[in-house]
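Number of protein chains: 2
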Amino acid sequence: MKLTGHLFIGAENAEGTEGTMKALNPATNQLIEPDFALGGAAEVDRAATLADQAFDDYSHTSLARRAAFLESIADNLDAVRTELAARAALETGLPEAQLEGEAAKAATQFRQFAEVVRKGRFLQLAVDPAQPDRQPRPRMDHRLQKIAIGPVAIFGASNFPIAYSVAGGDTASALAAGATVILKAHNAHPGASEIQARAIRKAVQDYGLPEGVFSMVRGSGNAIGEALVDHPKVQAVTFTGSERGGMALYRRAQLRPDPIPVFTEMTSINPTFVLPEAQATRGAQIGDGFVERMLVNVGQACLKPALLIAIEGPGFKALRAAMVKRVAEAPARAMLAPGIHASYLNGLVALEDAGAQRLAEGSAASGSFDGQSALLEVDGQRFLADTALAQEVFGPAALLVKVRDEAEMLAVARSLKGQLSAAMHLEEGDTPLAHRLLPILERRTGRIVVNAFAHPQEVTFATVHGGPFPATSDSRFTSVGMTSIERFLRPVAYQGFPDALLPEPLRHGNPLGLPRSVDGQ
Amino acid sequence: MKLTGHLFIGAENAEGTEGTMKALNPATNQLIEPDFALGGAAEVDRAATLADQAFDDYSHTSLARRAAFLESIADNLDAVRTELAARAALETGLPEAQLEGEAAKAATQFRQFAEVVRKGRFLQLAVDPAQPDRQPRPRMDHRLQKIAIGPVAIFGASNFPIAYSVAGGDTASALAAGATVILKAHNAHPGASEIQARAIRKAVQDYGLPEGVFSMVRGSGNAIGEALVDHPKVQAVTFTGSERGGMALYRRAQLRPDPIPVFTEMTSINPTFVLPEAQATRGAQIGDGFVERMLVNVGQACLKPALLIAIEGPGFKALRAAMVKRVAEAPARAMLAPGIHASYLNGLVALEDAGAQRLAEGSAASGSFDGQSALLEVDGQRFLADTALAQEVFGPAALLVKVRDEAEMLAVARSLKGQLSAAMHLEEGDTPLAHRLLPILERRTGRIVVNAFAHPQEVTFATVHGGPFPATSDSRFTSVGMTSIERFLRPVAYQGFPDALLPEPLRHGNPLGLPRSVDGQ
Chain A
1 MKLTGHLFIG
11 AENAEGTEGT
21 MKALNPATNQ
31 LIEPDFALGG
41 AAEVDRAATL
51 ADQAFDDYSH
61 TSLARRAAFL
71 ESIADNLDAV
81 RTELAARAAL
91 ETGLPEAQLE
101 GEAAKAATQF
111 RQFAEVVRKG
121 RFLQLAVDPA
131 QPDRQPRPRM
141 DHRLQKIAIG
151 PVAIFGASNF
161 PIAYSVAGGD
171 TASALAAGAT
181 VILKAHNAHP
191 GASEIQARAI
201 RKAVQDYGLP
211 EGVFSMVRGS
221 GNAIGEALVD
231 HPKVQAVTFT
241 GSERGGMALY
251 RRAQLRPDPI
261 PVFTEMTSIN
271 PTFVLPEAQA
281 TRGAQIGDGF
291 VERMLVNVGQ
301 ACLKPALLIA
311 IEGPGFKALR
321 AAMVKRVAEA
331 PARAMLAPGI
341 HASYLNGLVA
351 LEDAGAQRLA
361 EGSAASGSFD
371 GQSALLEVDG
381 QRFLADTALA
391 QEVFGPAALL
401 VKVRDEAEML
411 AVARSLKGQL
421 SAAMHLEEGD
431 TPLAHRLLPI
441 LERRTGRIVV
451 NAFAHPQEVT
461 FATVHGGPFP
471 ATSDSRFTSV
481 GMTSIERFLR
491 PVAYQGFPDA
501 LLPEPLRHGN
511 PLGLPRSVDG
521 Q
Chain B
1 MKLTGHLFIG
11 AENAEGTEGT
21 MKALNPATNQ
31 LIEPDFALGG
41 AAEVDRAATL
51 ADQAFDDYSH
61 TSLARRAAFL
71 ESIADNLDAV
81 RTELAARAAL
91 ETGLPEAQLE
101 GEAAKAATQF
111 RQFAEVVRKG
121 RFLQLAVDPA
131 QPDRQPRPRM
141 DHRLQKIAIG
151 PVAIFGASNF
161 PIAYSVAGGD
171 TASALAAGAT
181 VILKAHNAHP
191 GASEIQARAI
201 RKAVQDYGLP
211 EGVFSMVRGS
221 GNAIGEALVD
231 HPKVQAVTFT
241 GSERGGMALY
251 RRAQLRPDPI
261 PVFTEMTSIN
271 PTFVLPEAQA
281 TRGAQIGDGF
291 VERMLVNVGQ
301 ACLKPALLIA
311 IEGPGFKALR
321 AAMVKRVAEA
331 PARAMLAPGI
341 HASYLNGLVA
351 LEDAGAQRLA
361 EGSAASGSFD
371 GQSALLEVDG
381 QRFLADTALA
391 QEVFGPAALL
401 VKVRDEAEML
411 AVARSLKGQL
421 SAAMHLEEGD
431 TPLAHRLLPI
441 LERRTGRIVV
451 NAFAHPQEVT
461 FATVHGGPFP
471 ATSDSRFTSV
481 GMTSIERFLR
491 PVAYQGFPDA
501 LLPEPLRHGN
511 PLGLPRSVDG
521 Q
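Taken in sequence, the protein lines are chains A and B.
Taking this note's numbering, the leading residue of the first sequence gets 1, the next gets one more, and so forth.
Taking this note's numbering, the leading residue of the second sequence gets 1, the next gets one more, and so forth.
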């Protein structure tokens with residue numbers, strides 16, 4: 001596929017009004033062809049207007065047609081998997097094999113959401129029949145379904161250039177909900193973005209859907225993002241990235257004349273608690289596994305375990321030694337982008353300034369933007385004294401927090417802000433301590449994992465990729481998993497409707513055979 | 001019951017640090033005994049600290065115990081129904097019989113939420129079992145439940161002094177979710193608030209729950225509300241009232257270092273569309289029924305139909321004449337409070353300034369704060385030219401919008417902001433027009449009603465009392481009905497947990513017999 005570098009304003013290949021850019025290969029520090037168009041408020045306005053025009057039509061597509069459309073996107077992604085992974089590898093420095101897996105996963109997400117659409121549970125259909133004889137007054141017939149909230153602006157993430165980017169879970173769940181999408185492509189992988197956008201646009205065209213169902217814009221600086229969250233036709237926003245970027249968009253959207261929901265997934269240090277019996281029996285294994293997981297994607301993952309809390313006692317030395325060894329053996333690898341590399345170095349300095357000691361380093365960097373792995377250590381009292389030590393450092397670094405006893409472990413847990421995840425390593429004898437830790441973690445995290453490092457992002461019904469602030473901007477939602485669709489849905493009640501006027505899923509006799517509750521049953 | 005005028009800070013009867021106030025009888029313009037304490041940031045801090053301390057315990061109560069606690073509140077409300085209605089009538093000018101009904105409804109809401117708690121569907125339990133043999137890597141066991149978001153601040157409404165106030169649906173749904181509650185009582189009915197708070201506190205004590213499960217504060221001016229939305233322990237806010245008040249709280253909460261969800265239910269003119277065949281066959285009946293409904297609660301209702309859109313054609317004169325007649329016959333009745341009465345008068349002036357003509361008036365006011373009913377008229381072109389005509393006037397007034405044809409009716413519909421509800425009056429021949437109107441209304445309202453005026457606030461599973469901005473601050477939620485509990489819930493996933501550590505509803509074998517999805521089924 002030849003990349004043209006256009007913006008995709010509906011069906012139009014647009015040149016953009018704000019100049020061009022090139023992709024950078026972070027492993028070689030070389031620019032890559034071709035030029036990619038940059039847009040601004042003008043392109044956002046056209047895309048949002050099309051998205052609004054397409055909304056009534058697309059949001060009323062039948063479940064069967066919408067599901068088939070999602071599957072068609074999946075098929076189109078499969079068809080370009082090899083070239084998509086190759087281009088993404090050039091643009092991100094990530095291994096091509098890993099990116100092929102990511103592309104496969106992205107296609108799977110569209111297929112999973114097609115199933116969600118077909119099954120229709122997300123409509124949360126509820127029927128409370130009329131009670132004409134009720135005293136003191138009759139009850140009308142009440143019927144409820146969920147409908148899409150409106151056009152959605154989605155900000156592609158940098159770190160997973162496919163599964164959290166243009167054809168990522170946000171797009172899949174928004175389209176599944178019946179929302180139209182304006183995708184803001186991340187500038188770190190414009191070519192991979194274009195390949196994905198073509199896969200989606202082809203499906204829009206093949207299914208004869210209105211062109212405004214999907215657009216992709218791109219711009220430099222903050223202007224394009226601001227234009228998106230400000231646009232009156234945009235009714236919801238999702239973002240995956242830094243706390244600073246996410247909160248700027250969030251607060252801006254809340255200052256609109258009509259505030260709109262903005263779901264931002266931002267920052268998490270994913271604390272890992274090593275309980276005493278587990279540490280005594282397998283401290284080295286835990287330390288080694290932790291670092292292995294920490295290094296995945298050069299530490300550039302939302303679920304990267306960045307904090308390990310362990311009690312200075314039996315097994316601690318073995319645990320620490322294993323961590324040191326594994327970090328020391330880690331090769332330096334290219335980070336995603338120069339800005340991310342610079343932030344990583346600054347983040348390490350900030351941890352050291354706050355009193356963390358460097359325990360180990362990986363191989364030295366050779367490329368300009370290689371991330372050298374690092375392990376730092378601090379004691380519990382110091383950690384509790386300075387919140388700078390609980391700041392995320394995006395990249396291949398972790399902090400070992402050495403606590404004196406169980407009480408100090410619990411105090412560290414209580415000191416933490418909202419997290420996407422937390423982990424506990426435990427054996428049976430650790431159960432009483434785990435029971436004390438659990439409610440602390442429940443209040444602070446969206447997922448809690450026992451005895452695992454490799455908890456890759458499963459996309460299932462019970463998946464939660466969310467959590468209290470600052471992990472996300474709204475702990476009531478998840479950005480991954482089948483229930484992520486709820487971010488884009490709102491309920492509408494129909495009272496006293498004649499059958500002919502009711503939406504098909506709500507009609508008498510349930511002609512579509514969808515799951516519906518009747519009086520809550 | 002002797003009213004003491006205290007603030008309820010957990011179990012403590014607090015004097016307050018900001019002076020006292022008395023209730024006003026708006027029908028007589030007389031102050032009523034006793035003095036009621038006023039508090040500020042100090043009282044909010046104590047209540048929020050207690051709410052936070054109580055949270056872990058209360059949010060982990062068994063479903064059976066929590067349901068029984070809610071039923072106990074209902075019983076306590078029933079036991080004071082007569083004196084509650086009598087005091088509320090004195091403080092609001094509303095009829096005592098109506099308020100007895102409201103008290104009964106408030107008790108019913110607690111009983112309905114007790115059932116919701118017992119059935120456990122709100123937990124949205126999901127189990128995605130481990131797949132140890134899956135390729136290329138095994139899947140861990142994933143389990144999801146929803147838990148309460150944390151301590152909730154609830155602002156009591158003025159216009160329904162029981163069912164939307166201290167013991168209203170917000171409190172019932174928050175307590176059902178497992179959240180602890182800090183209730184900010186409305187100053188327009190402090191005595192009714194105290195009676196309700198006592199009913200709740202008695203249940204807290206009878207069930208041996210931590211005192212911080214429920215507190216009630218009160219203050220003058222904005223300071224107390226600001227202290228509530230600012231308090232770091234408060235994790236969600238609900239508010240029912242004016243757009244100005246609601247948006248001030250909303251925006252303030254979004255500027256916290258950690259923004260929190262604020263659900264505000266604010267303003268709606270609940271447009272009623274009279275379709276041609278319905279107008280031709282029963283115009284007078286529709287006009288009469290509309291005004292009857294408009295006058296309920298002296299026009300002080302969220303669902304008051306304030307706008308009637310009708311085509312100048314067959315039946316129009318009869319419709320208009322019936323509206324005029326009914327308004328002209330309406331007695332003036334005391335409004336809830338001097339401020340609401342003043343706003344009502346200002347609102348009418350604003351409609352006239354924007355070009356609306358006064359068609360009819362009810363009997364003249366005798367009491368100082370009596371609301372004189374009013375019917376105004378404007379043509380469609382004028383309505384479309386000035387958004388001031390679409391502003392809510394809280395009180396016994398309505399605006400008749402006379403449109404030229406179907407196209408202008410649709411244009412008026414498209415011009416509307418978000419609404420709690422809309423109504424269509426139609427006959428079979430109106431179906432094609434209704435089909436064109438429906439998607440416009442779906443995008444703008446939370447509920448759509450056919451051929452009804454009296455759509456009292458049913459509290460069922462299919463109830464939606466919500467809608468796009470400015471009807472509410474988040475169209476994805478409802479403040480009435482069984483799903484209003486979702487405002488206070490967030491998902492948590494448990495991965496790879498041993499059975500002994502899992503929350504009971506998620507344990508293997510489903511020992512509580514609760515509804516759970518398994519792999520989405």
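If you are wondering where the hints come from, they were derived from the structure by calculation, not from laboratory data.
Keep in mind the model is a prediction, meaning the values are calculated, not measured.
There's no promise every hint is true.
[Said to hold, decoys possible] If you want the ones that stay clear, here's a sample from chain A, every Cβ over 12 Å from chain B, calculated:
{"#": "1", "residue": "Gly347"}
{"#": "2", "residue": "Gln391"}
{"#": "3", "residue": "Leu506"}
[Said to hold, decoys possible] Listed next, the in silico DSSO-like pairs over lysine-lysine satisfying Cα-Cα at most 27 Å (straight line):
{"#": "4", "chain 1": "A", "residue 1": "Lys233", "chain 2": "B", "residue 2": "Lys233"}
{"#": "5", "chain 1": "A", "residue 1": "Lys105", "chain 2": "A", "residue 2": "Lys119"}
{"#": "6", "chain 1": "B", "residue 1": "Lys2", "chain 2": "B", "residue 2": "Lys233"}
{"#": "7", "chain 1": "A", "residue 1": "Lys22", "chain 2": "A", "residue 2": "Lys2"}
{"#": "8", "chain 1": "B", "residue 1": "Lys119", "chain 2": "A", "residue 2": "Lys119"}
{"#": "9", "chain 1": "A", "residue 1": "Lys417", "chain 2": "B", "residue 2": "Lys233"}
{"#": "10", "chain 1": "B", "residue 1": "Lys105", "chain 2": "B", "residue 2": "Lys202"}
{"#": "11", "chain 1": "B", "residue 1": "Lys105", "chain 2": "B", "residue 2": "Lys119"}
All C-beta atoms, glycine included, are put in the ideal place defined by N, C-alpha and C.
Taking the hints in turn, this is what the structure says about them:
1. Residue-level check passed: Gly347 of chain A sits 20 Å from the nearest beta carbon of chain B, beyond 12 Å.
2. With a closest Cβ-Cβ approach of about 14 Å to chain B, Gln391 of chain A is found to remain outside the 12 Å limit, as its non-interface label requires.
3. Its closest Cβ contact with chain B, about 9 Å, brings Leu506 of chain A to no more than 12 Å, contrary to its assignment away from the interface.
4. Among the hinted pairs, Lys233 of chain A with Lys233 of chain B is inconsistent with the structure: their alpha-carbon atoms are about 35 Å apart, more than 27 Å.
5. For the suggested pair Lys105 of chain A and Lys119 of chain A, the alpha carbons sit about 21 Å apart, so the restraint of at most 27 Å is met.
6. For a cut-off of 27 Å, the pair hint linking Lys2 of chain B to Lys233 of chain B is broken: about 33 Å separates their Cα positions.
7. A threshold of 27 Å between alpha carbons decides the hint, and for Lys22 of chain A with Lys2 of chain A the separation of about 15 Å falls inside it, so the pair holds.
8. Pair hint Lys119 of chain B plus Lys119 of chain A holds up; C-alpha atoms about 23 Å apart against a cutoff of 27 Å.
9. About 13 Å separates the Cα atoms of Lys417 of chain A and Lys233 of chain B, which keeps this hinted pair within 27 Å; it holds.
10. Proximity of Lys105 of chain B to Lys202 of chain B is assessed by CA-CA distance (about 19 Å); at most 27 Å being required, the pair is judged to hold.
11. Among the hinted pairs, Lys105 of chain B with Lys119 of chain B is consistent with the structure: their alpha-carbon atoms are about 21 Å apart, no more than 27 Å.
Of the numbered hints given earlier, the model fails hints 3, 4, 6; all others are met.
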